[in-house]
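Based on the sequences and whatever the hints tell you, model everything.
Residue numbers (this note's numbering), protein chains in the order written: chain A, 2 to 293; chain B, 30 to 305.
Just so you know, these hints were derived from the structure itself, not from any lab. Among the hints, erroneous ones may be present.
Quick list of simulated restraints, FRET-style, between CB atoms [claimed, not checked]:
#1 138/A to 52/B: 19 to 25 Å
#2 151/A to 297/B: 40 to 46 Å
#3 54/A to 115/B: 41 to 47 Å
Just some of the chain A residues that point at chain B, by a computed CB distance under 7 Å [as the list claims (entries may be wrong)]:
#4 25
#5 28
#6 35
#7 109
#8 278
The beta-carbon is built from N, C-alpha and C at its ideal position, and this holds for glycine as well.
This is what each chain is made of:
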Amino acid sequence: MKNTYTSKVHPVYWIMILPMVVLFFLFHTTPFLQGIFYSFTDWKGYGIWKVVGLRNYLQVFKDPSIQSSYLFTFKFALTATILVNVLSLLLACALNSKIYFKNFLRAVYFIPYILGTLIISYVFRFIFSNIIPDIGRALDIQALKVNILGTEHAWLGILIVTVWQSCAFNTLIYLSGLQSINPDIYEAAAIDGAEGLYRFAKITFPAIAPFFTINLVLCVRNFLMAFDQIMGLTSGGPGISTTTISVLLYKRGFQGGQFAYQSANAVMLFVIVMIISLVQLKLGENKEKKYE
Amino acid sequence: MNKKISRSGTGITTFLFIYAALFVFGILYLTFVIAIKSPDQMVHIMAFPRIPHFENFAKAWIMTGFPKKFINTAVITILSLIFTLFTNSAAAYVIARNRKKSRIINLLYYYFISALFIPFQVLMLPLVKQASVFHLDNILGISFLYVVFGLPMNTFLYTGYLKTIPEALDEAALIDGANPFQTFLFIIFPMLKPMHATIAVLSVMWTWNDFLMPLVLLTKSEHQTLQLSQYVFQTQFSADYNLAFASYFLVLLVPLLFFILCQKWIIAGVTNGAVK
Numbered sequence: 002m003k004n005t006y007t008s009k010v011h012p013v014y015w016i017m018i019l020p021m022v023v024l025f026f027l028f029h030t031t032p033f034l035q036g037i038f039y040s041f042t043d044w045k046g047y048g049i050w051k052v053v054g055l056r057n058y059l060q061v062f063k064d065p066s067i068q069s070s071y072l073f074t075f076k077f078a079l080t081a082t083i084l085v086n087v088l089s090l091l092l093a094c095a096l097n098s099k100i101y102f103k104n105f106l107r108a109v110y111f112i113p114y115i116l117g118t119l120i121i122s123y124v125f126r127f128i129f130s131n132i133i134p135d136i137g138r139a140l141d142i143q144a145l146k147v148n149i150l151g152t153e154h155a156w157l158g159i160l161i162v163t164v165w166q167s168c169a170f171n172t173l174i175y176l177s178g179l180q181s182i183n184p185d186i187y188e189a190a191a192i193d194g195a196e197g198l199y200r201f202a203k204i205t206f207p208a209i210a211p212f213f214t215i216n217l218v219l220c221v222r223n224f225l226m227a228f229d230q231i232m233g234l235t236s237g238g239p240g241i242s243t244t245t246i247s248v249l250l251y252k253r254g255f256q257g258g259q260f261a262y263q264s265a266n267a268v269m270l271f272v273i274v275m276i277i278s279l280v281q282l283k284l285g286e287n288k289e290k291k292y293e
Numbered sequence: 030m031n032k033k034i035s036r037s038g039t040g041i042t043t044f045l046f047i048y049a050a051l052f053v054f055g056i057l058y059l060t061f062v063i064a065i066k067s068p069d070q071m072v073h074i075m076a077f078p079r080i081p082h083f084e085n086f087a088k089a090w091i092m093t094g095f096p097k098k099f100i101n102t103a104v105i106t107i108l109s110l111i112f113t114l115f116t117n118s119a120a121a122y123v124i125a126r127n128r129k130k131s132r133i134i135n136l137l138y139y140y141f142i143s144a145l146f147i148p149f150q151v152l153m154l155p156l157v158k159q160a161s162v163f164h165l166d167n168i169l170g171i172s173f174l175y176v177v178f179g180l181p182m183n184t185f186l187y188t189g190y191l192k193t194i195p196e197a198l199d200e201a202a203l204i205d206g207a208n209p210f211q212t213f214l215f216i217i218f219p220m221l222k223p224m225h226a227t228i229a230v231l232s233v234m235w236t237w238n239d240f241l242m243p244l245v246l247l248t249k250s251e252h253q254t255l256q257l258s259q260y261v262f263q264t265q266f267s268a269d270y271n272l273a274f275a276s277y278f279l280v281l282l283v284p285l286l287f288f289i290l291c292q293k294w295i296i297a298g299v300t301n302g303a304v305k
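Okay, here's the thing in structure tokens:
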């Protein structure tokens, strides 16, 4: 490696990149490092402060509201990731088969992605509170008669909205994966007698494995950060049952005077997101290698 | 489309249409139909009203100060789009062409890419403090922050695409007396067009629909974006669903029109980004 960096870099290159490096350091890296620093202090967001070492981290582990928000966020992210990927893959396969109005349907299925999550959540909040109970009364189904967002199953409402919206983007990514498969391979497989699920497991899935990895990483990351749909649907309620880590960070960090304490929470969140993403990328890499 | 479509293809088409009618058009229809009703027409929620109340749109337009919020959002979206395309592609160009030549630039690549693992929420608390010190808690400031925060993802996408543009072009331009900046601006930048399209779509969708960053940064009402104003007006809409939905519909209409106009381009752009 030592001898690879030999040639000189033209000075104009440095002029082109330096401003961006400085700005990125100032407005991205600096706040990040500040957050880590303050997580070791007792700053409220104003006034005097002192260094308190690991106290915030020890508190965070014992805090029941933080524990419950982590549990909820993981449960939500895991379920949503599985549902979104299964549904997106099915939709992508359907949209990739020989159908009428292919381009029109593909465009339609992308629409949820372009709509703002907050507003979509307000629309769905109305559906849950006014339309579904009406349907429940008309059909006399007890489970549908109440507004789900006010019950202990509120998270299912959030799940529905999230899956509905996220499927759009993920379907498109799977679709571009499916389109990259050479149709000749399918013909060869058909001659060898590979059909249906067997064909999917042995040919289709290995071919789209990289897209599967992208989707998993993006999904888990986005869902662990879920914010807009929670604020639009439940504001974290009832109680704190649907409070994700992001919502907790926002509510307590800005309004609760827990700047340093929530910074420790944010640092933990960062470590978790990083570990999960790296593990996924590593597994994805191995999976792709296996099929090469 | 000259291939024969089988019976199962017809079945799948029908299924896809029903699903789309329920879950895409159904939702849009619902938003529209509630927006044009008066409260006493809400008994049959889904039915189209005999007398549509289009004046709800005008009321919502005035009540939420739509034109001002629209201009704010548009300025943020357009400014950050233009600066993202130029500055982020220039940074990626320098990195792509010099990673093998300079250790520092190679490290810069990993520096930017590793920031992909840092979610906005993690640095949100200190950022807000810093933004008020630097007076970035306004329209121009937030546009600037979008440009900086998009850098990790865009560096990743642009450097991936730059691998497909031969370096021989750069060398030829150098021999003709162009410096790297001129080479970038006149030769490479135009050739990055497919990736510009991808990044433009992702950038516009992000900045137009973003809620969290405006929520924590734009505390003054004259700086509010469309998304943020819907949140702020929640309490004022209270039980007047019709007015609220008229307002939602106005906000949803903009990206919908944008999508209908540049649908092919948007889908190609996102697909292109995923494949790279």
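Hints and how they fare:
no. : hint                       : verdict
1   : 138/A to 52/B: 19 to 25 Å  : holds, 22 Å
2   : 151/A to 297/B: 40 to 46 Å : holds, 43 Å
3   : 54/A to 115/B: 41 to 47 Å  : holds, 45 Å
4   : 25                         : holds, 6 Å
5   : 28                         : holds, 5 Å
6   : 35                         : holds, 4 Å
7   : 109                        : holds, 5 Å
8   : 278                        : holds, 6 Å
Comparing the model with each numbered hint stated earlier shows that all of them hold.
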